[in-house]
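J.: So the sequences go chain by chain: A, B, C, D and E. Everything in the first sequence is counted per this note's numbering, starting at 188 for the first residue and increasing by one. Everything in the second sequence is counted per this note's numbering, starting at 20 for the first residue and increasing by one. Everything in the third sequence is counted per this note's numbering, starting at 81 for the first residue and increasing by one. Everything in the fourth sequence is counted per this note's numbering, starting at 346 for the first residue and increasing by one. Everything in the fifth sequence is counted per this note's numbering, starting at 42 for the first residue and increasing by one.
You may find that some hints are simply not true.
Pulled a few chain B residues facing chain D out of the computed Cβ check, cut under 7 Å [what the hints assert, rightly or not]: (1) V56; (2) G59; (3) S92; (4) L96; (5) I99; (6) R102; (7) R103.
Honestly, the hints are just simulated from the structure, not real lab data. By construction, the Cβ of each residue, glycine as well, lies at the ideal position given by its N, Cα and C atoms.
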Amino acid sequence: MSPIPEISGWWLPLAVLGTSLVPALLIMLLAEHRQGVRTVLNLGAAVVKLALVAYMTWGVAFGNNYELRFGMMPGVDFVLRADAMSMLFAGLSAALWLFTTIYAIGYLEGAPNRSRFFGFFSLCVASTMGIALAGNLVTFLVFYELLTLSTYPLVVHRGTPKSLNAGRTYLRYTIGGGAVLLVGVALFTSLVGDVSFADTGALVSEASYDATLLRVAFWLLIAGLGVKAALVPLHGWLPIAMVAPAPVSALLHAVAVVKAGAFGIVRVVYNVYGVETAQALGVLFPLAVLASITILWGSVRALFQTEIKKRLAYSTISQVSYIALGIALFGPWGSIGGLAHLLHQGLMKITLFFCAGNYAETLGVHDIAELDGAGRRMPVTSAAFTIGAFGMIGVPPLAGFVSKWYLGLGALESGMPWVLGVLVLSSLLNAAYFLPIVHRLWFRPQTAPWPDEHSFGTGETNRWLLIPTIATAVFTVGAGVFANMPYSPLRWAMLVVARVYTQ
Amino acid sequence: MNADRLYAYVGVVLFAMAMYAFLTHTHLLRRLLAFNVMGGGTFLILVGLAQDGRGPDPVPQALVLTGIVVAVSATALAIILLRRWFALSRSTALPEDQS
Amino acid sequence: MIGVVLLVLTVAWPLALATMLATSAVFRGTLQDASWWSWLVTLAPIPALIAALGATQGIRLELPWLLLGSVWEIDPARRALLAAAALVWILAGLHMRTRFVDGTHRTSLQLGWLLAMTGNVAAMLVQDVAGFYTFFALMSFSAYLLVVHTRTDDAFAAGRVYVAMTVFGEVLILSGLLIATRGLSSPLLTDVPVAIATSSHAAIATLCLWMGFGVKTAVVGLHFWLPGAYTHAPPPVAAVLGGAMINAGVLGMLSTLPLGTVSLPTLGAFIIVVGLTGAFGGALVGIMQHASVTVLGYSSISQMGLLMVPIGAALHTPSIAPLAIGAVTLFAVHHGLAKASLFLGVDTARGSDRFSRVLVVSLCALVGASLAGAPFTSGAAAKLVTKYALYDVASVWPWLGTALSLAAAGTTLLVVRALWCLAHETAEGEVVSSWPVGWLMSVGLVVLGVWSLGLPSAAPAWPGAEWLDAVSLMWPIALALVLVGAAAWASSQRLLPLWRVPSGDLLVPLRALWHWVRAQGTGIGRDPSERAKSGASPTLSGAVAAPVIVALQSLRARVRVEHPARADDALRSVAPIVFGVLVVMLLLLFRFGAS
Amino acid sequence: MRRRVARHAVAGVASVAVGIALWQAIGVRSIPTVSLPALVREAMPASGVSHDITAVLLNFRSYDTLLEIAVLLAAAVVALALRDTPRERMPASQPYLILDTFVWRITPLLVLVAAYLLWAGSTRPGGAFQAGSVLAGAAVLLRLSGLAVLSVDDRLASRVVVVFGLSVFLLVAAGTLLAGQPLLAYPPAWAGALILMIEAALTLSIAVVLFSLFDNAPQSRPAAAPAQRGEA
Amino acid sequence: MTAVSAGQLLPWLLVAPLAWAVIAVLIESRRGALTIAVHAIGVLLHVALGVALYTSVARSGPAAHALGGWSAPLGIGLRADGLAVTLVLLTAVVSAACAVYVMTTERAAHDADAETPRYFWPLFWLLVTSLNGIWLAGDLFNLYVGLELLGLSAVGLVALGGSETALSSALRYLMAALLGSLAYLLGVALIYAAYGTLALPELAELIAREPLTQLAIALMTIGLCLKTALFPLHGWLPPAHGVALTPVSALLSALVVKGSFYILFRLWFDVAPEAVTPLAAQGLGVLGAGAVLWGGWQALREPKLKMLVAHSTVAQLGYLFLFFPLAVGTGVSAAALATQGMLLHLVAHAFAKSAMFLASGTLIAAAGRGGVADLAGIGRHMPMSLFAFGLAGVSLMGLPPSGGFNAKWLLLQSALASGQWFWLCVLLSGGLLTAGYVFRVFRESFVESKDSQFTPTPRGYDWVALTLAAMAIALGLASQAPLSTMTSGLRVMAGGT
C-alpha cells in the first residue's frame, strides 16, 4: 500500500523537532560575531527540516504513522505524532521558517544581539513544530507555552520602552490564555482521561460524560487558544506586539503565534471533540458567531490604522478568524476552507509583513501616508505587496480566493447563510483598507523624500530581504492558481477533511 | 498525684508562661531566656509524663540530656549573634520590633 | 491540436508579454519604450481573434490542476462575443499605440492593457466558475490601471469609485456563485443555471449574480463608476471598457443567470423595470452632459438598460430564453463595436483639425445611426431580434414594444447630443499623428454590419420581412430628430433652462452622504487614548469604561511601586500575634476537626 | 500601642490555650503498651556500661549524641566565624588576692571533678557533657579572673581540639562500618572501652567548645566589628 | 559497589559529610587549591553515594539500617524508602551544585571581596549531614536533633554574611527555628508519653485518634509550619534567604525548608494519618493558598532581586501545603495525584529555585548592585545567566515542559478529582503571579541601554545554574520514573486518610 518502507518512524518527529531545538541552543551559545557559522546553522537546519517534513508528509499521505510516545508523568503521555493534520501545520512552518530565516538574516545585518535573536527564533519554530506534531492535549500545551516563552524575547528584542511595554502586554494575554488553556486541558483530561488526538475526535462516546462539563471544557480550551488566535475580545496584544522587528511580526502573524492558536482550535474541534460531537454539543454555532465578530471587528479597526504594520495586524486578527470560522461551519466544505486558509493566510500575511519590513528597512517608511510612490522605487516589493493584498481581499486566482470559496460553500452547507454576508462584508472591508495602500504604492507620485533611505547597490533592497518576499508572493499565486494540484494546500486540506468526517 | 505527674504539670505551666514571655518580649535576650524556660518545661514534660505511672525510664532522661546540649548550643549561638547584632546596631530587638 | 495551442496562446501570450514587461520594468529595462514592442502589445489579442474566427467546431481544453479544475472552451455561442472583444481590443490598441510608445506612465498603461485584455478574452472562453471569476477579476482590477491612466485628480476620483464598485460587484458575484453552486466543488458555468433552478435560494442567487455582473454592465443603481471612468480615461480605454469589457459582464449574465431553467417572475419584472429606468434615465441625464465621452457613457447605461429587458423577460418567462439569449448576444456585439467605434471617433476627433473634424463627426454619425437602430444597420437587426424575442411576453406587458421604441428615440437623442458635443469640443488631449486606422476599420465594421462576423448558430429563425418594417424603426428616430430641432430652436431663443446634471448623477449626493457619515463617525474604531488626545467629547462607552480604566491603572500603580515590601514588614512585626492565633486555630482544628 | 495590647492578649490566649490543652491531654492520657525501660534493661549487659542513661546516650541512641555533638560544633564554628579579628585582648585585671587564690585552688579541683564525672558516667549519673561543662566552667573562671588561658581561636591547634571529640566519635563510627557492622555497633567486648574513649575525647572537645563559645562571643563594642563581607 | 546493599550504604551518607565537616574545620585556614580539591572529593563522594543509594533502592526496594545494631524502638533506625533516597539524591545534586558555585568563587577570587567567608565549608557539610539525617531518620527524637542541626547550621550560614541585615535576619531565623523546634519537641514528648516509643514504624502501627496524640500532632504541625515558613509565619524567610550568600540562599530555599516539610508530610501521612483531621488539612490548605498569593504579590513588588526570589520561595512553599486538603479526606485517586504533584513540586522547586538563586547571584555580581532595576540592559552581557534564570522561572511558573508544570498539573487533576475547585483558582493565580515577577526581571534585562557597566563573572557560575535549571526542565519530560520511586510504598498512595 505504501511505496515508502514502513519504518517505525519514532525518530522522525523527534528529528523534525531537533532540527530547530538543537540549532537554537547552539546559536544561543555562539559568540555574537560568528555570523558565518550562525547563518550556516540557521539555513542548514531550516533546509534539513524542510526535507524531513517533506519526507514525512509524503509518508503520511500514504498512511504511514510516525509516533513518539513516552510517559511524561503519571497518567499523561508525551506524544509526538505525524498525522495529516499535523503535516498541514508542520509543512507551513517548515517552509515559512526557511523564508523568514533568510529574511531575518538580511534584516538584522549588523544589529546587536543576533545570537539571542536567532536562538529564540529557532526555539520559536521548534515550538511551532511541537505544536504541529503534538499528539495529545498535554503535549500540545507544552509547546504552546514554550511558544509564548520563546516569542517574548523576540517581541522585546529592540529593548526600547515601547517594545518592553508591548512585551508586557503580550505576556499578560498569552500567559493568561495559557493558564485558561491549562484549566481547560486539565478539566478535559479529568473528565475523559489523557486521550490522543484522533482523526474523528478522541471523545468516543460523549454520551457517557457530563455534557455541561464538556461544554465548559470546550470553552475554556477555546478561550485559552483564542488569545493566541486573537479572537475578539482577546486580541489586544496583537497590534501592540507590532513593535517587534519585521521578521518577528511575520513569524507571529503568519506562522507561529496566531496560527498556533488557530491550529489549536482546529485540534480541539476535530481531533479532541470530533466535529460531529462538537456539533452535537452545540458549540460550533457560538464559535462561528465569535469568529464572525472577530472578522468584522478586525477589519473595521484595520480601516482606522495609519501605520502599515498596525493595519496588517488588525488584518491578521480578521483573517485568522476565517480559520476558526471554517472550523465552526459544520460540513466538509467549511472545514476545507478553514484548513486551507490556515496555509493561505500564512503565505499571504508573511508576504505582506516582509514587504512592510522592506519598506521600513530600505526607505524608513512606517506610515501608510509615506508610501506614496514606493512602487516606482521598489517595484518588486510593491508587486509582492499587491499580490498579498489582493490575496487577502480574496481576489482570484490568489490563495485567499480559494479559501473564501470553500468557506462560502461551507457557510451554505452548514445552514448558516449569514456567514456569507460576513465574508462579503469582510472582503469589502479588506478591499477598503488594502486598496488605498496599493493605490499609494503605484499611482501616487513621491511627494517627500524617504524618511531613512538605504541604498543596496543595484537592487531595490537587500537581496536577503527580497528573495523570501518574492518566494512567498509566488507561492501565494501558486497556491491559488494550482489549487487543484496534488500536495497543494487545498488538496492537503481535503485529505485531512476526508479523514475527519466519519460519514 | 505522683512526683512525675507533678513534673509534667509544672512543665506545662512553665511552657505556657515561657511561651507567653517569648511572644510578648521583644528584647532578644529575654526571648532567649524564655526559650530556655520553655525548653525546661518541655524537658519536664518529657521526663515526667513518660515516667508518670510507669516508673523510671532512662530513655527520656537521655533524650533530655541530648536536648540540653542542643539547647545550650542554640543559646550560645543566639548569644553570639545577639552580641554581634548589638555591636553593629546598638539594638537589642529585631528591626521590626523597634518602635 | 492547433486549436488547443491557439487556445493556450490566447491567454498565455498576452500574459507572457505582461511578464516580460514587468521584468523589464523591475530591472529598469527599456522594453516598454520600444516601438516594436508597442506593436506586440497592440496585436496581443491576435491569437484570440484567430481562435474565435477559426473555431467553427469549438475547441475544448481541460486543465484539472488549474485553480479548482479549469475548462477552457470556445463554443459557437461565444465566438461572436470573443471575436468582437478581440477586435475591439485590437482596434483600440491601434489608437493606443502612440501612447504606448511615448505617453506618460507607459509601463503601467501597457501592463494594464495587456492584463485587462487577457482577463477579458479569457473570461469569454473559460467554462469553469473559478476560472471565469478569476479572469473577470483580472480584467476588472487591471482596468483600473487604464482608468487612472491620466493620473489627474478626476481620474483618481473616478478610479476610486470604479474600484469600489468593482469590489462590490466581485463579492456579489462570488456570493451568487456560492449560493448557486452549493455543494459543487469545481463547478462549470453551465452547472450554475441548472443548480440555481434546483436551489431553494434561486432568487437570492440570481439577484446576487445579476447585480454583480450588473456593476460591470452599469445597471442603473450600480452604474456610478461609469460616467467618471469613461470621461476621464483616454477615449480608446473607454472604447474597450464600453465595447469589450462590458460584454464580459453581459456574458456573465447570460452564462450564470438561470435563463430558461426556472421562472422568477418578480425578479424578471424587477430587472425589466430597472432596465427601462436605465434606458430612459441614462438618456435623460446623458443629454444634459457636456462632454462627448460622458454622453457616450450615458448612452452605454441607456443601451445596457435596454439589454436588461430581454434578460428580465427570460427570467420571467423561461420559454423565451433561447431567443432572448440570441438577441442579447447580438445586441451586445453590435453595441460593443458601435460604442467602441464612437469612442475611437472621439479620439480621432480630438486629434484632428477643424476640417478633419467635420469628416470625423459625419462618419461617427453613420455609426450613431446604427446605434439608434436605423434601418439596414446592425442596430436595427439587434432591435428587431429583441422585439421578436419579446413577442411572447407582449401579452403580459403590452407596452413593452412602445417603450423600446421610445428608448430608441432616447438613443437617437444621445447620439445627436454626443455628435454635437464632439463637433464643438476644442481640440484637447494628445494629438494622434498617425492615420486613425483603428477607427476607420471600426467604422467600416459597423457600417458593413456585424452579422457578417458570424451570428450565433443558436439564434432563432430569422425574422424575415419584419425587420424591413421601416416605420417601426424610423418613427423613434424621427421623433428624436424633431425633439432635437425643437431643442436647437429653444436653445437659440435661450428658452432652454440650463439644467445641469453633474456627471456621475446619483454619486454626487451619495458622496456627500458618505462625507457626512464619516464626519460623524470619526471616533469609531479609534483607541480611547487616541480619542482622548484628539479632544473628542466623552462618549457613552468612554463613560462606562472610565471607572474600569481608573481602577486598573491604580492597581497597576500599586504593582509598580518599587519600595521594599512594606506589607511583609508589617506582617513580620505582628509575627507573635500571628503565631498565637495560628496556634489556637490549629488546636481547635485538630480538636474539633474530626466531626 | 494597640499592637502591644493585642500582642499580649493573643500571646496570653495562646499560652493559656496550649496550657489548658496540655493539662487536659495529660489528664486523659492512656499508658503506653510499649515499654522501653524493659528493653533497656534487657540490653544493658551488651551495652558495655552499667549506667542505663549512659548506655542510652552512647550506645542505644549514640547516633543522637553524634548529631548533638555536630550541633555543638555548628555553634562553635559560627562562633569562630564571627569572632572579632583582631581580637582585643581583655585587659589584664588588677590582681585580686582572694580571687586569684580561690581560682588557683579551685581549678585543679574542678579538673578532678570533671575527670570523676567522666569516669562515673559509665555507672551512675555523669558523663562527657557534665564533665566538659565543669572543665569549661573552670576555663571561664580563669578567663574572668584575668588569668592566662589560651583563647580558642583560628589556630590549627584550637581547631584540632574543637573537632577532636567528634573526630574520635566519627572514627569509631567509620570503624564499625568498615568492620561490616552497623554504624556505632561496638563489639560487646570493646564497648566499654570505646565508650570511655569517646567520652573522654568528647569531654575535651565539649569543654573547649563551650569555653570558646564564651570566649569568642563578639564584644558589644562596635569598634571591634570586622569588615563586613558579602551581601549588604 | 555491587556487593554493598542499600542498608550498608545508608550510614555513609551521614558519616561522610560529617567527616568532611571535621576536615573542613581543620583545613579552614588554607585557601585555594587544597580546599577546592578536598571539598571536590567530598562532593563527588557524596553524589556517588547518593546515586548508589538511589539506584539500589529504586531497583530493589526500601532499605533500613539499625544504628548501633540496636533495632528500634530501643535503638534508632535509619530507613530509606523511595522518597527518602530521592531526597538524598536531590540533596547531593543541589548541594554539589552550590559547592561548585562556591569553588568557582574561590578559584576566581582575585580580590578579597569575592572570597568565600570563613567557615563556610564546615557549616555546609553540617547542613548536608543534617539534611541526610532528616531524610533517612526513622525516629521522632532523632528528627528533632536533625532539625536543630539543620536550623543552627542554616542560621550560621546566613550569619556568615556578617552584615547588620545578615545578623538580624539570622537572629530572626534562629528565634523562629527555636520556637518551632520546641513546639515539635513538646509534641515528641507527648507522643512518647502516649506510646512509649519514638520509632516511626512502630508509631505508625500504634497511633490512634486521641486527644493527646492530636495535641501532639497539632503542636508538631505548628512548629514545622513555622520552620517551613508557611504563610503567615513566613516573615523570617525572605530576609534570611535574601541576605545570605548566593549559594547559601540556594541551599536554604531548595533544601532546608523542605526538611521540616518532609517531617510534616511523614507525620501526617506515614505516622499519624489517623490523628489528623480534614478540617485541619483544609486550614493548612488555606494558609498555603495565602502563601501562594501573598508571596507572589510581595515578589511582584519587591525591588531587590534576591528578595524577590526569596518571596517566591514563600509562594512556592504554599503549593506544597495545597497538598493537605487534597489528600486528607478525599478519594484514593485524588490523594495519589496530590501526593505525586506535591512531591514533584518539592523536587522541581528545589532545582528551579537553587538555579534561580545562583543565576540571580551571578547577575547581581555582574551588575554590582542588587536591585531589579540595576539589571537594566544586562541581557546583552549575561545571556547565560538570564537563560538559566528563565528556565528556572519556567518551572516556577508551572509552564511546560518542566517539573513545575507536571506538579501543577497533577495538583490540578487532584483538585478536579476531589471536586475542590477552589484550589484550582489558587494554582492558577499563583502561576500568573509568578509569571509577573519572573518577567519583571526579564523586562529590565532586555532594556537596551548603553551606559550600564557590568563586570564579567566566571563562566562556571552559569554552567552550574544552567545545569540545575535544565534538571528542573528535564523533570517535566521524565517525571514518571522519579515519581514512581518517590511514591512507592507511601501509605497515602494506597488510600486516602
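J.: Look at each hint and say if it fits the structure.
T.: Checked hints:
1. The beta carbon of B:V56 is not positioned within 7 Å of any beta carbon in chain D (closest approach about 12 Å), and the interface hint is therefore violated.
2. Below 7 Å, beta-carbon pairs count as interface contacts, and B:G59 has none with chain D, the closest being about 15 Å; its hint is therefore violated.
3. A hinted interface residue such as B:S92 counts as satisfied when its beta carbon comes closer than 7 Å to some beta carbon of chain D; here the least separation is about 4 Å, so the hint holds.
4. Interface restraint check: B:L96 against chain D, minimum CB-CB distance 4 Å, threshold 7 Å, status holds.
5. Contact between B:I99 and chain D, as hinted, is supported at the beta carbon level, the nearest pair being about 5 Å apart and thus within 7 Å.
6. Satisfaction of the interface hint for B:R102 is found here, the shortest Cβ-Cβ separation to chain D being roughly 4 Å, below the 7 Å cut-off.
7. The restraint placing B:R103 at the interface with chain D holds, with a minimum CB-CB distance near 4 Å, inside the 7 Å limit.
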